[in-house]
Amino acid sequence: MARLGLKQILGSLLVFILFAPIVLATGSPAFRLAIYQSEVAGVPLFPALVVALLLVLMVLVWVFSSTAFSEADAPFSDAKGDER
Amino acid sequence: MSNVAVPIFILVILVTLAITWWASRRARSQADYYAAGGKITGLQNGLAIAGDFMSATTFLGMTGMFFQTGVDPTAIYYLCPLVGMSLMMLLVAAPLRRAGKFTLGDVMARRSGSPSLRLFAGVSTITISVIYLVGQLVGAGALISLLFGLNYGISVILVGLLMTIYVAGGGMLAATWVQIVKAVMLIVIVAVIGVMCVAKAGGIGAVYAQAAQAHPLGAAGLFVPGAGKTDMFSAVSLAFGTSVGLMGLPHLLIRFFTVPDVKAAKRSAVAATAIIGGVFVVMFGIVGPAAVAFMRADPAFVGKGGMVVGGPNMVAIQLAKALGGSLMMGVTSAVAFATILAVVSGLVMATASAASHDIYAALKGRRDEKRELMVFRLAAAGAGVVAILLAFAFQQQNVAFMTALAMGVACSANVPVVLLTLYWRGLTVAGALSGGVFGLVSSVVLIVLGPAVWVKVLHHAAPIFPSDYPGLLVMPAAFVVTVAVSLATRSNAGAAAAQPAQ
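So the protein sequences, as listed, match chains A and B. When we follow the numbering used here, the leftmost residue of the first sequence carries the number 1, and every step to the right adds one. When we follow the numbering used here, the leftmost residue of the second sequence carries the number 1, and every step to the right adds one.
Check the hints yourself; a few may be wrong.
What the hints assert, rightly or not - Between beta-carbon pairs, the in silico distance windows are:
hint: 1; chain 1: B; residue 1: Ala393; chain 2: A; residue 2: Gly5; range: 42 to 48 Å
hint: 2; chain 1: A; residue 1: Lys7; chain 2: B; residue 2: Leu458; range: 42 to 48 Å
hint: 3; chain 1: A; residue 1: Leu33; chain 2: B; residue 2: Lys101; range: 47 to 53 Å
hint: 4; chain 1: A; residue 1: Leu14; chain 2: B; residue 2: Phe392; range: 39 to 45 Å
hint: 5; chain 1: B; residue 1: Ser29; chain 2: A; residue 2: Val40; range: 53 to 59 Å
hint: 6; chain 1: B; residue 1: Lys456; chain 2: A; residue 2: Ala34; range: 32 to 38 Å
hint: 7; chain 1: B; residue 1: Ala393; chain 2: A; residue 2: Val63; range: 42 to 48 Å
hint: 8; chain 1: A; residue 1: Gly5; chain 2: B; residue 2: Val455; range: 42 to 48 Å
hint: 9; chain 1: B; residue 1: Gly303; chain 2: A; residue 2: Leu6; range: 52 to 58 Å
As the list claims (entries may be wrong) - Far from chain A by the CB rule (all over 10 Å, computed), these chain B residues:
hint: 10; residue: Trp22
hint: 11; residue: Thr41
hint: 12; residue: Val130
hint: 13; residue: Tyr152
hint: 14; residue: Val188
hint: 15; residue: Lys263
hint: 16; residue: Ala274
hint: 17; residue: Pro466
hint: 18; residue: Ala488
If you are wondering where the hints come from, they were derived from the structure by calculation, not from laboratory data. Note that beta-carbon positions come from the ideal geometry of N, C-alpha and C, so glycine has one too.
Can you make the complete structure from the sequences, with help from the hints?
This is the structure:
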C-alpha cells in the first residue's frame, strides 16, 4: 500500500488553487478581473499569466517527481488479507 | 498539394517502418512487447511521455481552437496536462510503478488477483484508448486529405494500417522509438515556427497587436476569458476531467513500466515536463496568436465563417505555409503526420496489451505467453479497424475536444479505482468493479447524450445532457459507489473471504 501523506494533499491543493483563477475566469464573467485587460510588455495580461503558470507548473512537477521517486525502489507491499 | 510534402511523408513512413523492423528483431518475450523489456532510459522515456502528451490535439487541435475562440477555453486545454502531470507525480507515478508490471490491469488486480477486475481494466483501457484514437485519426485524415487531395477515408485507412504494423510488429519498443523520433521533430519544428512568427511580426507584442486587429472578437474577446463562450459547469468539468483524467490514461501510465528503476522514472518525468512545458509555452504564447495575426483576415487562408482552409484542425499547417511557403508547409505536415503516427501507435499499444494481457488472460484463466502475443497482434489489428470506422462518424469534430472526451472517461472510470487500489486497504473487488463500471458506463452514456454526439453526430434537435464534459459529476459519484460497495461487502461477508485488511 502507498501512504497518502500531508505532502500529497497539500501539493494537490496548491496545484488546484493555482489553476482555479484561470478556470473560474473562463466559466463566468464574474471572475473576469479588470486587470486581465492590461498588458505586460505589449502582451495581454491573461495569456502572460497562463504562460507564467505553465512555467510554475513545470517547476512543481520537477519538485513533486523528485520527492515521489526519492524513496527506494521497494516492492509495492500488498496488504495481508486483502484478497477478496 | 505540396510538392515537398510527398518525399518528406514517404521518408517519415520509411524511417518509422525501419524502426519497427529493428524492434521486431529484438522483441521476443512478453516483457519486450508490453514494456520494451524495461530497458528504456530516463531521457528516452521522457521524450516518449512528452510525445504521448503532444499529440495531434496539441499541435493541430489546440492551435485551431485558439484561432477560433482565443484563450477561452484554450488556456484550460494547455494547462491541464501539466496540472495532471503534477497530480500524477504526487499521487500515482511512484506507487504505480512499484505495483504494476505491464498494464493497468496488473495494478488494479494486484491485491486481489481477481480476473473480473482485470477484465474491467481491459475493457476500460480499450474504451478510453479507442476514443482517443478516433480523435487522432480524424486529424490524420484531414491532414492527408489537405496535402495530397486524397479521400478522407483512404487517409484514415492508411494511418490505421501503419499504426497496426508498428505495434503488431515491434510492440512497445517500436512504439517508444517512433514516439522519440516524433518528439524530437516536433520540438524542432515548434521552435522554428515560434522564432519565425516573432521575426515576421517584429516582436511578441506586435504578434498580439496584429492578432487583436485581425480577429472580429478584438483583444477583449480574444485574450480575455469569460465572455460566455464556456459555461461554468463545462469549464470546471473540462478542467477537472482533463487534468485528473490524466491519472487514468492507460497509454501514459504504462510508460512508467518501461524504465529499469526509479531513478530513470524520475528522470523521465523531469525530461517530459521540461519538453511539454517548453512546447506549450511557445504554442500558446506565440503560435496561437500568430496564426490569428497572419491568417484571420487573409482570404487566402480563411473561408466562410472564419473557418481556415482545410478545416478547423489545419490552422498550424496553414500557418507554416504563411511563414515559409510550400517547403515549410511540407515539413510541418510531415511532423504533424509523424506526431499522429506515434501517438496512435502508443494508443494501439495500450489497447492491444489490455486485450491480450488483461481480457484474454482473465477469460482464459491461465497465462500462455505464446497465445497472448498472438492475441496482442490480433487486438492491434482489431483496434485499428474499430478506430477507423468511428473516425468516419466523428470526421467534423475538433481533435482537442475528442481528447478531452477520452480523458473525461478515464477520469470517471479508472481514477477512482486506481487511487483507491493504491491508497485504501478497505477496497474490495466488488467495490472496485461497481465503481469502475459505474464510472465507465455513466461517462460514456452522458457523453453520447451531450451536445457533441447527440446533436452534432446523431443529429437530434437538442441534447439530453447539457454538457459535453460529465467528469465533474461522474467521478465523485464513482468514488462514492466504490467506497460504499466496498464497505457493504466488507461488513456483509464476514467469512474468511472478506477478512478486514491487516
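Query raised in the report: If you check each hint against the structure, which ones fail?
Result: The structure breaks hints 15 and 16; every other hint is satisfied.
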